[in-house]
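Starting from the known structure of chain A, fit chain B onto it as the hints suggest.
Same order as they appear, the protein sequences are chains A and B.
If you're matching positions, the first sequence starts at 5 in this note's numbering and goes up one per residue.
If you're matching positions, the second sequence starts at 5 in this note's numbering and goes up one per residue.
A few of these clues could be false.
Said to hold, decoys possible - Computed list of lysine-lysine pairs in DSBU-like fashion (alpha-carbon distance at most 35 Å, straight line):
# : chain 1 : residue 1 : chain 2 : residue 2
1 : A       : K252      : B       : K551
2 : A       : K31       : B       : K551
3 : A       : K17       : B       : K17
4 : A       : K551      : B       : K17
5 : B       : K213      : A       : K15
Stated by the list, open to error - Rough simulated footprint, nothing fancy, chain A against chain B, three-plus residues with beta-carbon under 8 Å:
# : region
6 : 129-135
7 : 212-221
8 : 357-364
9 : 449-462
Hints are computed from structural coordinates only; laboratory data are not their basis.
Bear in mind the structure is a predicted one, so any value in this text is a computation, not a measurement.
Each residue gets a CB set at the ideal place from its N, CA and C atoms; glycine is no exception.
Listed below, chain by chain, are the residues.
Number of protein chains: 2
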Amino acid sequence: MTDIQIAQSVKEKHIREIAEILNIPEKDLEYYGSNKAKLPLDLIDEKAVAKGNLILVTAITPTPAGEGKTTTSIGLGDALNLRNKKTVIVLREPSLGPVFGIKGGAAGGGWSQVIPMVDINLHFTGDFHAIEKANNLLAALIDNNIQSNSRNLGIDPRTVIWKRCMDMNDRGLRNIVAALGGKAGGIPRETGFNITAASEIMAILCLSKNLEDLQEKCGNIYIGNTWVGKPVYARDLRAEGAMTVLLKDAIKPNLVQTLEGNPAIIHGGPFANIAQGTNSILGTKMGLSLGDYVVTEAGFGADLGAEKFLNIKCRQAGLSPKAVVLVATIRALKYHGGNPIDQLTQEDVEALKAGMPNLERHVKSLQSFGIPVVVSVNAFSSDTDNEKNALLEHCKKLGVPAALSYGWAEGGKGCVDLADLVVEAAASCKTTFTPTYSLDDSIRTKMEKICSTIYGAKNVILTNKAIAQMKRFEKMGYGDLPVCIAKTQKSLSDDEKKLGRPENFNINIREFEIATGAGFIVPIAGNILRMPGLPATPSAEYISIDKNETITGLF
Amino acid sequence: MTDIQIAQSVKEKHIREIAEILNIPEKDLEYYGSNKAKLPLDLIDEKAVAKGNLILVTAITPTPAGEGKTTTSIGLGDALNLRNKKTVIVLREPSLGPVFGIKGGAAGGGWSQVIPMVDINLHFTGDFHAIEKANNLLAALIDNNIQSNSRNLGIDPRTVIWKRCMDMNDRGLRNIVAALGGKAGGIPRETGFNITAASEIMAILCLSKNLEDLQEKCGNIYIGNTWVGKPVYARDLRAEGAMTVLLKDAIKPNLVQTLEGNPAIIHGGPFANIAQGTNSILGTKMGLSLGDYVVTEAGFGADLGAEKFLNIKCRQAGLSPKAVVLVATIRALKYHGGNPIDQLTQEDVEALKAGMPNLERHVKSLQSFGIPVVVSVNAFSSDTDNEKNALLEHCKKLGVPAALSYGWAEGGKGCVDLADLVVEAAASCKTTFTPTYSLDDSIRTKMEKICSTIYGAKNVILTNKAIAQMKRFEKMGYGDLPVCIAKTQKSLSDDEKKLGRPENFNINIREFEIATGAGFIVPIAGNILRMPGLPATPSAEYISIDKNETITGLF
Numbered sequence: 005m006t007d008i009q010i011a012q013s014v015k016e017k018h019i020r021e022i023a024e025i026l027n028i029p030e031k032d033l034e035y036y037g038s039n040k041a042k043l044p045l046d047l048i049d050e051k052a053v054a055k056g057n058l059i060l061v062t063a064i065t066p067t068p069a070g071e072g073k074t075t076t077s078i079g080l081g082d083a084l085n086l087r088n089k090k091t092v093i094v095l096r097e098p099s100l101g102p103v104f105g106i107k108g109g110a111a112g113g114g115w116s117q118v119i120p121m122v123d124i125n126l127h128f129t130g131d132f133h134a135i136e137k138a139n140n141l142l143a144a145l146i147d148n149n150i151q152s153n154s155r156n157l158g159i160d161p162r163t164v165i166w167k168r169c170m171d172m173n174d175r176g177l178r179n180i181v182a183a184l185g186g187k188a189g190g191i192p193r194e195t196g197f198n199i200t201a202a203s204e205i206m207a208i209l210c211l212s213k214n215l216e217d218l219q220e221k222c223g224n225i226y227i228g229n230t231w232v233g234k235p236v237y238a239r240d241l242r243a244e245g246a247m248t249v250l251l252k253d254a255i256k257p258n259l260v261q262t263l264e265g266n267p268a269i270i271h272g273g274p275f276a277n278i279a280q281g282t283n284s285i286l287g288t289k290m291g292l293s294l295g296d297y298v299v300t301e302a303g304f305g306a307d308l309g310a311e312k313f314l315n316i317k318c319r320q321a322g323l324s325p326k327a328v329v330l331v332a333t334i335r336a337l338k339y340h341g342g343n344p345i346d347q348l349t350q351e352d353v354e355a356l357k358a359g360m361p362n363l364e365r366h367v368k369s370l371q372s373f374g375i376p377v378v379v380s381v382n383a384f385s386s387d388t389d390n391e392k393n394a395l396l397e398h399c400k401k402l403g404v405p406a407a408l409s410y411g412w413a414e415g416g417k418g419c420v421d422l423a424d425l426v427v428e429a430a431a432s433c434k435t436t437f438t439p440t441y442s443l444d445d446s447i448r449t450k451m452e453k454i455c456s457t458i459y460g461a462k463n464v465i466l467t468n469k470a471i472a473q474m475k476r477f478e479k480m481g482y483g484d485l486p487v488c489i490a491k492t493q494k495s496l497s498d499d500e501k502k503l504g505r506p507e508n509f510n511i512n513i514r515e516f517e518i519a520t521g522a523g524f525i526v527p528i529a530g531n532i533l534r535m536p537g538l539p540a541t542p543s544a545e546y547i548s549i550d551k552n553e554t555i556t557g558l559f
Numbered sequence: 005m006t007d008i009q010i011a012q013s014v015k016e017k018h019i020r021e022i023a024e025i026l027n028i029p030e031k032d033l034e035y036y037g038s039n040k041a042k043l044p045l046d047l048i049d050e051k052a053v054a055k056g057n058l059i060l061v062t063a064i065t066p067t068p069a070g071e072g073k074t075t076t077s078i079g080l081g082d083a084l085n086l087r088n089k090k091t092v093i094v095l096r097e098p099s100l101g102p103v104f105g106i107k108g109g110a111a112g113g114g115w116s117q118v119i120p121m122v123d124i125n126l127h128f129t130g131d132f133h134a135i136e137k138a139n140n141l142l143a144a145l146i147d148n149n150i151q152s153n154s155r156n157l158g159i160d161p162r163t164v165i166w167k168r169c170m171d172m173n174d175r176g177l178r179n180i181v182a183a184l185g186g187k188a189g190g191i192p193r194e195t196g197f198n199i200t201a202a203s204e205i206m207a208i209l210c211l212s213k214n215l216e217d218l219q220e221k222c223g224n225i226y227i228g229n230t231w232v233g234k235p236v237y238a239r240d241l242r243a244e245g246a247m248t249v250l251l252k253d254a255i256k257p258n259l260v261q262t263l264e265g266n267p268a269i270i271h272g273g274p275f276a277n278i279a280q281g282t283n284s285i286l287g288t289k290m291g292l293s294l295g296d297y298v299v300t301e302a303g304f305g306a307d308l309g310a311e312k313f314l315n316i317k318c319r320q321a322g323l324s325p326k327a328v329v330l331v332a333t334i335r336a337l338k339y340h341g342g343n344p345i346d347q348l349t350q351e352d353v354e355a356l357k358a359g360m361p362n363l364e365r366h367v368k369s370l371q372s373f374g375i376p377v378v379v380s381v382n383a384f385s386s387d388t389d390n391e392k393n394a395l396l397e398h399c400k401k402l403g404v405p406a407a408l409s410y411g412w413a414e415g416g417k418g419c420v421d422l423a424d425l426v427v428e429a430a431a432s433c434k435t436t437f438t439p440t441y442s443l444d445d446s447i448r449t450k451m452e453k454i455c456s457t458i459y460g461a462k463n464v465i466l467t468n469k470a471i472a473q474m475k476r477f478e479k480m481g482y483g484d485l486p487v488c489i490a491k492t493q494k495s496l497s498d499d500e501k502k503l504g505r506p507e508n509f510n511i512n513i514r515e516f517e518i519a520t521g522a523g524f525i526v527p528i529a530g531n532i533l534r535m536p537g538l539p540a541t542p543s544a545e546y547i548s549i550d551k552n553e554t555i556t557g558l559f
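The shape of chain A in the complex, shown without the other chains (with noise of 0.2 Å):
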């Protein structure tokens, strides 16, 4: 069975019967139709949340054999619940875009997804789609002050950093001449868009304490110079209020179901190499004021995701988890150790072996954090005992918990191994974790910091370029703010060619971005992508419907 037709297999519960498990009265939820709803920020109970157990799925480093880190997340929350620990998944939301490229959807796998599967892959409630008016009214502002505006700001249009957005695999888009046409089209000047969940704004909805913290953030973001050199602020366009007002639903979290009718919140989804990577801090603060337990993911491996999560968002939001999952699997361990892709599905336990530093080295990253860490074999039919075996040996002379699950296959019944271990080794924990880096660390010391304790490389290598911005930005004052790298999620190192546990590499600094409304600092190792393309046969082409609304080609 593919998995739109398990989701469509199952009955899907009424929204409000989701709301009651929580204790939601139903005045509170604000309904998108009968399987989706908001919540109102009222509902968070900071009480609640300093008590709650949160658990963060992570992953070693990506591979095309998929890792499965939501399809965990999901399977992990049904077995807590099925362990009567009252758990919410916490989660983010798809975009948009890729859906017409690439088949399959991003809502989990198999039996161990959250539904609707269609919507939550589509407009779901919106969020996406505000985030995109508010960052477009934003640019609209910019160059109607730039071409004639009764509070004229000198802005040079040569040094206008803030692009439009739109949530499509659209790269006619990434580099467009704007505003030609004479006169009444404005001064000409390049741009471009980015996809919506690259957008500066989504970084901040899902950074933001509630509306006066979003609009403040708002206010803050930085789009360029003047003409003599003066930085300007959406502030200084006036433009944080009505930018907020567009974001006024986007900022409450979004209630779903998973296929086993236990409570997921799906709320924000930013990417993980130039933001925080990882669902709202509403959605996990209302996750934990509902629930006892909360799982979580942060996207890509560790070192982007896991590092982002806590350095960044937890930080900002005064959070700790108590456990950090991580996920493998036997075809990425093997690919790690050199296999090629069409051969991940044949018994070979020394590639497994041979791919087994990459799992040590983010065993070991996460550990510096000083919270548990527990292992999780995402298994496949095609894993052998044999496999199976050594990898659970490894992880025991590692020392760290390991358990296979089964996410994908059983749902929730798969994960029970897992999620007892979760809750030993959250009930394990009395500590909160320790940062990476002290806030008031240089930016290079800061760096430093993340690649030897999280990367296991050697220096950080700058360009003549990065350093003279970030000594601008120092200048600044953001000096204090967190950095968010962006680097490929491909390698632990910089050069996506580096599997497994690459060894005495250097990660190179090509330049720096800011992001003074989300508040980090990005520096940029490599090359990134923040409009996708479509590739040449799109799946847009197989994706049809009949009069009884019955989809065909999504997933």
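Relative to the frame of chain A, chain B by itself:
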């Protein structure tokens, strides 16, 4: 009191109660919060549609003084309900973009409003966003096919007429060069953005009978030519299925309420020059299925809005209004009579009389359809008794029933006189409307009939370019499509400076466009702005929201 203060002073009913008035079972409601719901298409009952009383509200030639067509529609609907006629008001969805340009919403005014006005003017139920995505998916597929696609259609990029769209007043996007940045960015070409209301997808959604029809129409969109001059349609790109999936919820009409707690359906909002300028066929049919009367409106003056409502929408849908209400104001007539905008609040019966020929012309045009016409004088506090009497006297001479209406100041009870005339007119109507032209007429004849019968023009003059295009469209087999003339709304002629009732003028058709998906040919008489800009002082600068979600500066 401002519109928003009035709106906030009224206790909103739960949308469930509004549905109950119309005997809609709760299971059929797809809630969007407690005050909005989408309605499933199977509530449409063609038998009820055929029996219903459809009332069209249109207006004299618009002036900067404002006519109050929406306010009159809502007031009239509320008044019919006061008279125990089960009435549904069916209106267009306002566009988001203009909200950030000039202060003011588009959901009626005073005591004749539809609510929730903030939501209706912002994201509402996401219909515009969905249309935008469908439009832009097609654009992405076009550039993807030009760049590299497994089924290369050989599209000549210079011929692509399909533009992207965005619901934002952003002049910088009117004319752009896209796909820059080298090989990875695509094949550079000139293009641009329309505001979403001007997208052909909007016109299509509003003319579709059901999902299948929508899918077929999307497939029929003409996007450009191949290098050898062969027309390329969206279906050649296999785009229509995915586009329709994106529109699966947007096709469902939205139920809201008036301030007096009467049902209103708000669905779709195409431009009234390059498109049909009226809400969806499905919205109108839904209203007629659920109520005995439907009050609806068409954009701009009767020359554009009513003509297209009848000859395009009603003809395609098999609908026929029982009466047409022509809205005029004493201020607007004085403006047509030659008075400047700042002198309209002073009594001036002579100026009023001098402006009357505009109203006369519209009455005559509307009477050509063979259905009853009623004049509604939307009253302002500055109107004097002398002026009111002169106007009513004049209508009496014309033999057309007329009533003063006070929807803005009094809501429904201010419009009962008008409602009584409308009920009487509808009861007297024993026929369906006579179209201005036959679909079998040549394109030129269609234009000539509209220009003489509706605008009162002498001739239609075509440029050589227009003649060549017209011949090409006829050759392509599109000669039997209706025509949708794009002309200034500010004059009956094609010269916006000619107020009142211009005489001895020609209509000059510069060029044609074709909307093969929506199914009409667009003769262009004048400059049509499809992407507005922001003014020198955008209203966005004054919009704000506080922690209690109270919004200021929006209306």
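When I compare C-beta atoms, does the region 449-462 of chain B have three or more residues closer than 8 Å to chain A?
Coverage by chain A is violated for the region 449-462 of chain B (0 residues, Cβ < 8 Å).
Against the 35 Å threshold, does the CA-CA distance of K213 of chain B and K15 of chain A hold or violate the hint?
The hint holds at about 30 Å.
Given pair status - K551 of chain B, K31 of chain A, alpha carbons within 35 Å:
20 Å, holds
Coverage criterion applied to the region 357-364 of chain B (partner chain A; beta-carbon cut 8 Å; 3 residues)
violated (count 0)
Is the Cα-Cα distance between K17 of chain A and K17 of chain B 35 Å or less?
26 Å, holds
Residue count check for the region 212-221 of chain B against chain A: does it reach three with CB-CB under 8 Å?
Since 4 is at least three, the answer is holds.
Hint check: K551 of chain A vs K17 of chain B, CA-CA at most 35 Å. Holds or violated?
33 Å, holds
Would you check the hint for K252 of chain A and K551 of chain B, treating anything up to 35 Å between C-alpha atoms as holding?
10 Å, holds
Would you say the region 129-135 of chain B counts as covered by chain A, given the rule of at least 3 residues with C-beta under 8 Å?
Three-residue rule met by the region 129-135 of chain B, so holds; n is 3.
Violated hints, listed in ascending order, are 8, 9; each of the other numbered hints is respected by the structure.
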